[in-house]
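Chemist: Chain residues, written in single-letter form:
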Amino acid sequence: MESKKTLPIFSSYKTNPIFYDEIFKNDKEIRNTYDELFKLFNEYKVDDFKLLNEKAKLSFLNQGITFQVYDKTTVEKVFPFDLFPKIITADEWDHIESGALQRSKALNLFLYDVYHKKQIIKDGIVPIELISSSENYLDQMNGLEPPGGIYNHISGTDIIKHSDGEYYVLEDNIRCPSGVSYVVSNRVALKRAMFGVFNNYPTCPVANYSENLLEIMQSVKPAGVDIPTCVVITPGIYNSAYYEHSFLAKSMGIELVEGRDLFIEKDFVYMKTIYGPVKIDVIYRRIDDAFIDPLEFNPDSVLGVPGLFAAYKKGNVTLVNAPGTGVADDKAIYTYMPQIIKYYLNEEPILNNVHTYHCSRPKELAYVLDNIDKLVIKPVDESGGYGISIGNKLTKEEIEKVKAVIKETPRKYIAQPIMALSTHATFIDEKQCFEPRHVDLRTFTLLGKDKEFVLKGGLTRVALKEGNLIVNSSQGGGSKDTWVLKR
Amino acid sequence: MQYHYKIKYATHNTYENPVNNALWQFLIEPKNNDSQFLETSNFRDSYNTLVSKSVNGYGFKTFRVTPKNQITDIIFEAEFSLIKNQVEVQSQDSNLYSKDIIEINSDPFKIEYHSFLKDTILTTLPSDKKNIFLFDDQKTTFENLKALNKWVFIFLYYTIGVTNNRTELKDLITNNKGVAKDFAHLFCAIARQHNIPTRYVSGFLNQDNTYFGASEIHSWVECFVPNVGWVGFDPTNNMMADFNHIKIAHGKDYNDCASLKGIIFSVGKNTTKYSVDVVCQEFIQDKSASLNHISAYNIINKKAL
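Which chain is which? The protein sequence lines are A and B, in order. Residues 1 to 487 in the working numbering are what the first sequence lists, from first letter to last. Residues 488 to 792 in the working numbering are what the second sequence lists, from first letter to last.
Do not rely on the hints blindly, as some may be mistaken.
To be verified - Taking lysine-lysine pairs in the DSSO-like style, the calculated list, with each CA pair at most 30 Å apart, reads:
| id | chain 1 | residue 1 | chain 2 | residue 2 |
| --- | --- | --- | --- | --- |
| 1 | B | Lys617 | A | Lys363 |
| 2 | B | Lys495 | A | Lys266 |
| 3 | A | Lys393 | A | Lys412 |
| 4 | B | Lys760 | B | Lys495 |
| 5 | A | Lys412 | B | Lys617 |
| 6 | B | Lys605 | A | Lys118 |
| 7 | A | Lys266 | B | Lys555 |
| 8 | B | Lys633 | B | Lys586 |
| 9 | B | Lys518 | B | Lys540 |
| 10 | A | Lys272 | B | Lys748 |
| 11 | A | Lys407 | B | Lys617 |
| 12 | B | Lys586 | B | Lys605 |
| 13 | B | Lys548 | A | Lys118 |
| 14 | B | Lys548 | A | Lys221 |
| 15 | A | Lys122 | B | Lys605 |
| 16 | B | Lys657 | A | Lys401 |
| 17 | A | Lys465 | A | Lys39 |
To be verified - Derived list of chain A stretches under chain B, where covered just means 3 residues or more per stretch with a C-beta under 8 Å from a C-beta of chain B:
| id | stretch |
| --- | --- |
| 18 | 108 to 122 |
| 19 | 181 to 194 |
| 20 | 265 to 275 |
| 21 | 285 to 296 |
| 22 | 308 to 315 |
Said to hold, decoys possible - Only part of the chain A face toward chain B is listed, based on derived beta-carbon distances under 10 Å:
| id | residue |
| --- | --- |
| 23 | Gln140 |
| 24 | Met141 |
| 25 | Asn142 |
| 26 | Pro299 |
| 27 | Val302 |
| 28 | Lys431 |
Rather than coming from a laboratory, the hints here were simulated on the basis of the structure. Beta carbons are placed, not taken as given, at the ideal position from N, Cα and C, and that holds for glycine.
This is chain A alone, in the form it adopts within the complex (with noise of 0.2 Å):
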């Protein structure tokens, strides 16, 4: 079936031969699944859109779903959201599914080695140093059995797709990956805006991740506990991700603490009520390692509970994400997840890497130094988009000190190409029509004793900046809704 583009809303959407879009195959063909869609965005005029987009826009601001961006000034930002969905059918989202369960499982027993036996190491798969010289791996973990001996208990899996329609993950984040807040309230915010859209697809709900997180939590109680309580422990209102620690906390309906609510007695965690203490035997923790604890790390931190650590390590309490967590999520570990996922699960990886450079390596460095005009350079320890470097938009001059930088502490970077992210259709407020935007995809994966469970949908963030491939909210991004849809 053939749908012409005549409508002003998507007159100037111009597809460019390199990049995958995910809406027409070339500048006149629909694809299948978003022939429907496209018919019913069609019938809107610009200036109905635009009321509609209002609308969505209002509706985030509230219900206060804000964010800051770490900058010189601290501006609460409302999180642009985009009212074109992105479609995922059954069958390439069971593709997704199962590559992201498959990543997330050899991650946990990746940690369950390095905090214990080492075995990956000893038979030469990953080297040494990449654990020797990972500021996130805690000593303090070596040999600790975590409940249910799950460490990565949430994973948030980066996923792009390539100009040749295949996906490629970009990122295993297993810290505190954030942004599941977004996935439910956009498809609230697409449901009060646009309902009748709903009806044309059978689409999967989102609003039963908060449940499903729960369970997971309780799963991994403490051994003697009957019935957990649990808590979300916040680093406050001033975090760029509060509002969804207090979504997740009220969704789950469960307590949303600070450090300063919560205390320890005889290495047990109680939470300060009006009633009295009440003891705590599972934390979902959104504050950093080096913060949940001043005794034993970070002396500075107001944020944590001292002694937390201790109580976790005699197992009176269950801490979700695991401490130590980090290692796993460095960069130049995801080097090495094809070999990772081989060696404990003994299967062929389902997603795919992106091939990345080390440039602790003499000789890959050298590659990278020489085709920085080509590559992406990525910091191995941070997130959120901060430190990245994308080699065609530099300067000579820009290029020499990146150069620089990376020959002072070369253990620090890795490079990849740089990645063809798929386009999509995206609302572009100053032009007052659709326009191409490169998108990724962040799905949530959760894992607890004898339970897993891949949330059906996830976050599309897009870059709304003509051109720029970097989707990160905290970099001028946007996000959309993400239809994963029924059989």
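Starting from the known structure of chain A, arrange chain B on it as the hints suggest.
Modeler: Coordinates of chain B only, in the frame set by chain A:
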């Protein structure tokens, strides 16, 4: 030879403004190992608060105190008595460093000891000072470490009040003045630079001799020498750790072994005064009391084996 020790540790904290909420953690109890056996251990504070015992991230015992009342000053007192054996080091078993290098650079060795091979913020040599002390291939690993011990002792001047708990090596090397903790950090950095697993050790030091650092909680290091095992060096006094050294804990650097960590919610100034008393007595072998000690120690020793 065996020695009987009585150790008293006291600290007096005063606060300008009343403190409603506080937590102190002490890492001061000597640990049992094959050269020392803790007989009695007492800890109390001036408010007789219930003291809770816990362990730190590396498994060493800690005392924790959370007073229930508002306080402006508080005294903590600890008393330990223990038996210490002469430490014997089989230094003749050490190989030439050039020979040990093969084992030291092998993956199984690096995997086994990786925790004590990596630098921390406090034990990182500045990039232009990486070769500040070099090992001699023609000497044994043990002799090299002894030479390093002497070198650190000569390079740094024991001076109180110049450095603090966060002094990094780049500043220490420029000023070359510091206390036991700084001597230990510099030793750790250089030994680890030569891929010798080295741990930072905190403990008490016998006060009968005029050793540096005996008036407070002392610090020294332990190195893993291939074919010999963990060996203690005290660079502050240019000596081996022996019966004079009573170990409390080890870690990667001072932060893992700090004797007192406090979380105090208050404004204004506070002062902390420490005192450490270590009294040593040689054992008279045929007294019945001491025989009991020895048998108790032997039981522990067997357990350790």
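Chemist: None of the hints should be skipped; say for each whether it holds.
Modeler: Do the hints match the structure? See the list:
Proposed proximity of Lys617(B) and Lys363(A) is supported: the alpha carbons are some 24 Å apart, at most 30 Å. In summary, the hint linking Lys495(B) to Lys266(A) is supported, as the alpha carbons are separated by about 25 Å, within the 30 Å threshold. Of the pairs offered as hints, the one joining Lys393(A) and Lys412(A) holds, with about 21 Å between alpha carbons and a cut-off of 30 Å not exceeded. The suggested pairing of Lys760(B) with Lys495(B) holds, with an alpha-carbon distance near 14 Å, which does not exceed 30 Å.
A threshold of 30 Å between alpha carbons decides the hint, and for Lys412(A) with Lys617(B) the separation of about 20 Å falls inside it, so the pair holds. Under the criterion of a C-alpha separation no larger than 30 Å, the hint pairing Lys605(B) with Lys118(A) is consistent with the structure, at around 17 Å. For the proposed pair Lys266(A) and Lys555(B), the alpha carbon gap of about 15 Å is at most 30 Å, so the pair holds. For the hint pairing Lys633(B) with Lys586(B), the CA-to-CA distance comes to about 17 Å; that is within 30 Å, so the pair holds.
Only pairs whose Cα atoms come within 30 Å are accepted, and Lys518(B) paired with Lys540(B) is accepted, the gap being roughly 14 Å. Straight-line distance between C-alpha atoms of Lys272(A) and Lys748(B) comes to about 23 Å, which keeps the hinted pair within the 30 Å bound. The straight-line distance between the Cα atoms of Lys407(A) and Lys617(B) is roughly 18 Å, inside the 30 Å bound, and the hint therefore holds. Distance hint between Lys586(B) and Lys605(B) is fulfilled; the C-alpha atoms sit about 22 Å from each other, no more than 30 Å.
The suggested pairing of Lys548(B) with Lys118(A) holds, with an alpha-carbon distance near 27 Å, which does not exceed 30 Å. Taking the CA atoms of Lys548(B) and Lys221(A), the gap is near 26 Å; set against the 30 Å cutoff, the hint holds. For the hint linking Lys122(A) to Lys605(B), the alpha-carbon distance of about 18 Å falls within 30 Å, and the restraint holds. For a cut-off of 30 Å, the pair hint linking Lys657(B) to Lys401(A) stands: about 25 Å separates their Cα positions.
This hinted pair checks out: Lys465(A) and Lys39(A) have alpha carbons roughly 26 Å apart, not beyond 30 Å. With a threshold of 8 Å between beta carbons, the proposed coverage of the stretch 108 to 122 of chain A by chain B holds, since 3 of its residues qualify and at least three are required. Residues of the stretch 181 to 194 of chain A lying with their CB closer than 8 Å to a CB of chain B number 0, which falls below the three-residue condition for coverage. Against chain B, the stretch 265 to 275 of chain A contributes 3 residues with a C-beta closer than 8 Å to a partner C-beta. That satisfies the three-residue criterion, and the hint holds.
Figure legend: the stretch 285 to 296 of chain A, annotated as covered by chain B; annotation consistent (3 residues with Cβ-Cβ distances under 8 Å, at least 3 required). With a threshold of 8 Å between beta carbons, the proposed coverage of the stretch 308 to 315 of chain A by chain B holds, since 4 of its residues qualify and at least three are required. Interface restraint check for Gln140(A): the shortest CB-CB distance to chain B comes to about 3 Å, inside 10 Å, so the restraint holds. With 10 Å as the threshold, the beta carbon of Met141(A) comes within range of chain B, its nearest partner Cβ sitting at about 8 Å, so the hint holds.
Proximity of Asn142(A) to chain B holds as hinted, the smallest CB-CB distance being about 7 Å (cut-off 10 Å). For Pro299(A), the shortest C-beta to C-beta distance to chain B is roughly 7 Å, which falls under 10 Å, so the interface hint holds. At about 9 Å, the closest approach between the beta carbon of Val302(A) and any beta carbon in chain B falls short of 10 Å, and the interface hint on this residue holds. This hint is violated: Lys431(A) has a C-beta 50 Å from the nearest C-beta of chain B, more than the 10 Å allowed.
Against the hints set out earlier in the document, violations occur for numbers 19, 28.
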